[in-house]
Each structure stands twice: as structure tokens, then as C-alpha cells.
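> These protein sequence lines are chains A and B, in that order. Residue 685 in the numbering used here is what sits at position 519 of the first sequence, and the numbering runs on without skipping anything. Residue 13 in the numbering used here is what sits at position 12 of the second sequence, and the numbering runs on without skipping anything.
For the record, the hints were derived by calculation from the structure and aren't laboratory data. A hint or two may mislead.
[Said to hold, decoys possible] Computed beta-carbon distance windows for the label pairs:
#1 A/D260 x B/V34: 35 to 45 Å
#2 B/V21 x A/P177: 55 to 65 Å
#3 B/S28 x A/M358: 19 to 29 Å
#4 A/D260 x B/E41: 33 to 43 Å
#5 B/E41 x A/D331: 24 to 34 Å
#6 A/A256 x B/D69: 25 to 35 Å
#7 A/H241 x B/Q45: 37 to 47 Å
#8 B/V21 x A/D331: 29 to 39 Å
#9 B/S28 x A/A552: 52 to 62 Å
Cβ atoms here follow ideal geometry from the backbone N, Cα and C, with glycine treated the same way.
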Amino acid sequence: MNEMKRSAPQPLSKRATGIEGFDALSGGGLPRNRTTLVMGGPGSGKTVFSLQVLVNAARQRDEAGIFVAFEERSHQVMANAATFDWGLPALAEDQIYILDAHLSPTIVQSGEFDLSGILAILKAKQEAMNAEWIVFDGIDVLLTLLRDPILEMREIYRIRDWLADNELTAIITAKMDSQASAVANYGFMQFMVDCVIRFNRRLEYGVPAHRLQVTKYRGSDFASGEFPLSFGISGIEVAPPEPPEIIHEASTERVSAGFERFDIMLGGGLFRGSSTLITGAPGTSKTTLIGKFAEAACQRGEHTLFVSFDEGADQITRNLSSVGIDLNTHIQSGLLRMYSGRTEAHSAEEHLIKLRTLIREHQPRCMVIDPLSAMAKAGGIGAARAVANRLIHMMKDKKITVVISALIEGNDPQMEATDLQISTIADTWIHLSYLVRSGERNRALTIVKSRGTWHSNQVRELVLSEAGPMLTDVYSAGGEVLMGTLRWEKEAEESARQKQRQAEFEHKQRDLEFAEADTQARIKALQLDLQRQQAELALYTLAGEARILSSSERENALRRIRGADLSTRMESAATSLTPRETS
Amino acid sequence: MRRKPIVIPSDPAAVTAAVVMRLYVVSGAPNSVQALANLEAICQRQLKGSYQLEVVDVLEQPLRALADGVIVTPSLIKLSPPPAAQIVGNLSDKSKVQRALGLEEKIV
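Please put together the full structure from these sequences, using the hints given.
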């Protein structure tokens, strides 16, 4: 041991645990050939974590491991592991050896003992199976029998030296009370080992919240916060740290929101990879709209994930089939994956981890969550908000087009903001409301916002039929919006009025035509009259002229006859009567 | 301590009452050395040689220890007469050892 080679410092080599989130936050896993201490209270997940690391190493990289169970019998360990999809019995044949290191209560203790015996056994086992991993689970159970802190420490150092000599990547689990202070006797272990992970289980708003924190990692960076974890079918799932910078590609591709009229309202559909929020009171058809979107996605042949809370998948497909939305075909073809989560007693974090697993498994291009607001039911609104935020960012990272519904109690338009405060991060926000008038409750759809695209700012009535949802115009009359029967009446009325107007118009047209014809006729008659009068006038003028001419000639002749000497005066008098009056 | 099992021949007269024991040790470990010394002292004084003791070095026969469910060393297993018993530790608490081996009535 003292002859350890002093080679040039190299970056710490790590071994992946196969737990995605943990490998992310620890920068690659556990330190190779070193010891990691896993501390935590009862039921915090220490044993599951350790065993899962062995299972993953064996399954993913064919690395053998030894699990030394100080606390439980090996068959109990196997039975507990049977709840996960690890296939431990098969692995236990040659890749994972579970050593029963549980001291029987009938054993008599007389004086001091040490662990050299078990270490010799383990050494033999390691060589036989070429093991690279080892877990000491619940070593404190055995060591407390020594009843002497100094002796306990001595045995722990013995283990450390043995591990260092044998090139094993080791995990030692130890109990810690929930008050975050290590059990006094094992405090020094934290200094001794290279990596310390704390598991924590506490109640938040009555819901158990599991957390994991790396508190020490020699020679390596690590994400230092507390990270939520949950237990799924594959064991522990850890929520990885989120990168501080948002890097989302913004697509200009449009996908259908479900049906044509809706797409038109949205200026051509939803952007690929965008997030859409549908808010509304209970019964405003949020699920129907969401179902239509999911169906349209499946019809395009895209993998789709339908997440519902507090409503069974079967019930949803049945209900949606009544409005002409067929999801069953797509479920059977494997395109559509339904997941129904139960919200009581599960924190939002756990749901997030579950959704992350589902996304990894199903690789959806479109996803719906109905309703996201249900996540806030257990575990407090603060946590749910953070989770909703992260969920939307996660889906953007993965370019998943998502439609989320959120329940809004009441129907006050001023209260359209959601409890989860996701309306600010959603790209498109559609609000569904009721209009109650004349004994009817009708659904109205409005697009509150839609980033980066033209969209209709008009309210539309959402009508459900066996053929699916559709949008119809609404009437506004006297400052009021009419829907349902009132709209229908208004439409009928409008149609009747239209016919009447048409008839009136035609009538009027005919009237005018008649009047025109009449006028034309009268013009014709008058013209004839005029011609006649003109002719008469011409005739009369001609006769008048003739008479004037003959009488003036006669006067001139008389003057010449009566006074020849007055000829000069008579010249001028020919045009007036004045000379005749003076003469 | 050598690998060889140390078998102390029993007194032919006491064969029926012979105590058969197996002691798992790690050669050279202080607790193991002490345990063997303590055990031999008890046996010499109370069993007067009517016992069989096999000493197994775990470093040399680890799988045998594993088969016997030995976790810590030293570990003493009483094989017969029944009931079987296992005692861990350096056997410094003699009364406990005697009780476990069924020798308490002989304590004066």
C-alpha cells in the first residue's frame, strides 16, 4: 500500500451508475476504485440506490459486483428487489453475489471481534467472480455490536485499507437521522471516504419528498443542490440539474392543433415544439380539445404521449369516442401511449420524474397533459410551479409539441391566470369559458395569446358533436355575445331577414323599372306633343309675318299718295307713327 | 497459526460427552490469537481433554467459512452435542462461552 505509484495527476476516473440523473449531477458517476458513503434515514433509498448501481453495472457493462447485506437476509434483499424490473434472480447467479452478513440473534458475543474474516471471504469471492463493485449495506448494524467507537473506527479503517488494496469501487451505506446530522460514530467516515451522498426523506405538505444530495466528491465537480428522486419500476430516478441557459431551437413548422377551423384561428396551426396552454373551468371541453390534438398527431404518424391525472385512460378514450375522437386505434398501433397518474400522495417531483421516464421510453413528438394543474394537489403549490416550469422547458429541449390543460375554478375572465403560473411560459394560451344565457350554457373559445404568429382575436363558440369539436361564429348584438340557441335563432332570423330583404329588393327593382318605363313613355308622348306644338308655332309665325308685311306696304302707298312735298319726312316716318300724330 | 486443523485427541473414556467445536480465525490477528488461547484454557480446565477442536484459517479456507455462515472473526461454532451454537469474539468473557458451550453446571 505504501508503494502506491505517484504518477502524473489524472482526472478522476468515474464509473457510471446507470441512474441518468445521478450521473448527470455527479459528472459521470461514482469514483472508480474508491469508496462512496451513502447516508440517510430509514426508507430514504440507500439500499435501493446501492443495489441498483450493481444491477446497472452488471446489465449495462457486464461488471460483476458483491452486495454484503448486514441488515437483511439475502432472501429478503431479493424479495425487496423483486418490485423492480431488475431481474435480480438471474443476475444473482453469476454477476451479483449477495452475501448474507446478517448476524443471527442467537449468536453469542464474547469479547472483541474484527472483520478480517469477512474481508478474507470477500477477497476470495471477488477473485472467483472478478468483481469490480462492492456494497456494504448497513455496516453499522454489525459494528454497533462492538460497543466501542474506537473499535468501530478501527474496523472501518480496516475496510478502507482493504478496499484500497483490492481495486474495488465501493459503496458503504450508513444510517443517519433525519435531522441531517450524521450519527456521531460515523461522522469521521465522511472524512475518510472520497464521495458522500446523503439521502433524505421528509414530508412536505403531507407528501413524502425524497431528496438526494452529494455533499462531498474529492477531485471532482458536482452539482451541489438537493435533487428530487422518486422510485419507479426501474428503481430510483433522479431529477438532474437543469442547465442555467435556455437553448431551444424555435421551429417554423406548423402542426395541426386538431381541426381546420382551429388552425385557421391560430394562423395555420401550432409551431412544432411549442407549448400550448388550455385553461378553463370544469366541463369546458379542455380534454376534448386535447384529445383532438392527440388524435391529429397520431394520424400524422407521430409518437404521442397522453398524460392524464386522476382520470383513467380507459375512461378518457371512451369519453372522447363519444365526440368522434378515436384514440383506441392508435393505442393499439403503439403510436399513442396513455399514462394516468394519481395525484394524491405523490409530489409534483415524482410526477416529473415519471414523465421524464415515459418520454425516454416512448420518444414522443407530441404530448398532452390533462390537467397539469392536478399536480399541485399534493405537495404544495410552490413545488408544483417549479415542476411545471421545468416540465415545459424539458419538453422544449426535446422539441416536443405539447398541449397542457389547466383547470381554473370559477369563470371570471379576470382570473384567467393559472395557479401554476405557466401561462407566462406557454407560447399559446387558449381560454375556454362558459356563457350562460337564456337557460343555456355554451362554450366559448378565445386565443389569449399566441407568440410569433397571427391569430384571431375573436371569440368562437365551441360546439361538440359526434363528428368532433367544431368552432362556429358568434353573434354580437347590442354589446352581447350570442351563442347556442340564441345564436341559432339569430342565425334563422338573420336568414329570414335576408330573404325578406331580397324580396323587397326585387320588388323595388320592379317598381323602379315600371316607373322608368312609365317615364320613358311619358317622355315619348311629350316629345310628340312638342313636335306638334313646334310645327304649329312655325305655321303661326309664318302667317303673322305675311300679315304684317302686307299692312305696312299698304300704309306706305297711302303716304305717297297724300303728300309728295313731305317726302323727306315721310322717309323717317315710315318706321314710326310719330309723323302721323304731329301732322 | 498453521493451516492444519488442530485436533486434540479426546480421552477414550469421555467420547460420548465429547464437545466438537470449530474455531474460525485469521492467522496472526490479535483477536484470533486471544480467542484460541482463551478457548484452550477453558477446555483444558473444564473439559479435561474430552473435546475436539478444529481451527480453520479463513484466509486459507474462505469458502468454508462462507458455508458455515461466518462473518466476523474469531467465530467459534459448537457442532455437538446439540444444540448448536455460535460465539463470536475473542472469547474473553469466559462465562458467556461456558454457557454457550453448555458447561455452566461445571462452574464451581
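> Given a hinted range of 35 to 45 Å, is it respected by the beta-carbon distance of A/D260 and B/V34?
The hint (35 to 45 Å, Cβ to Cβ) holds, given that A/D260 and B/V34 are roughly 37 Å apart.
> Quick check: does the Cβ-Cβ distance between B/V21 and A/P177 fall within 55 to 65 Å?
holds (57 Å)
> Are A/A256 and B/D69 spaced within 25 to 35 Å by their CB atoms?
holds (27 Å)
> Lying within 37 to 47 Å: is that true of the beta-carbon distance A/H241 to B/Q45?
holds (41 Å)
> Can you tell me whether the CB distance of B/V21 to A/D331 sits inside 29 to 39 Å?
holds (36 Å)
> Is the distance from the Cβ of B/S28 to the Cβ of A/A552 consistent with 52 to 62 Å?
holds (59 Å)
> Between B/S28 and A/M358, is the Cβ distance one that fits in 19 to 29 Å?
holds (27 Å)
> Is the hinted range of 33 to 43 Å satisfied by the C-beta distance from A/D260 to B/E41?
holds (42 Å)
> Could you say whether the range 24 to 34 Å given as a hint is met by the Cβ separation of B/E41 and A/D331?
holds (32 Å)
When each numbered hint is compared with the structure, no violation occurs for any of them.
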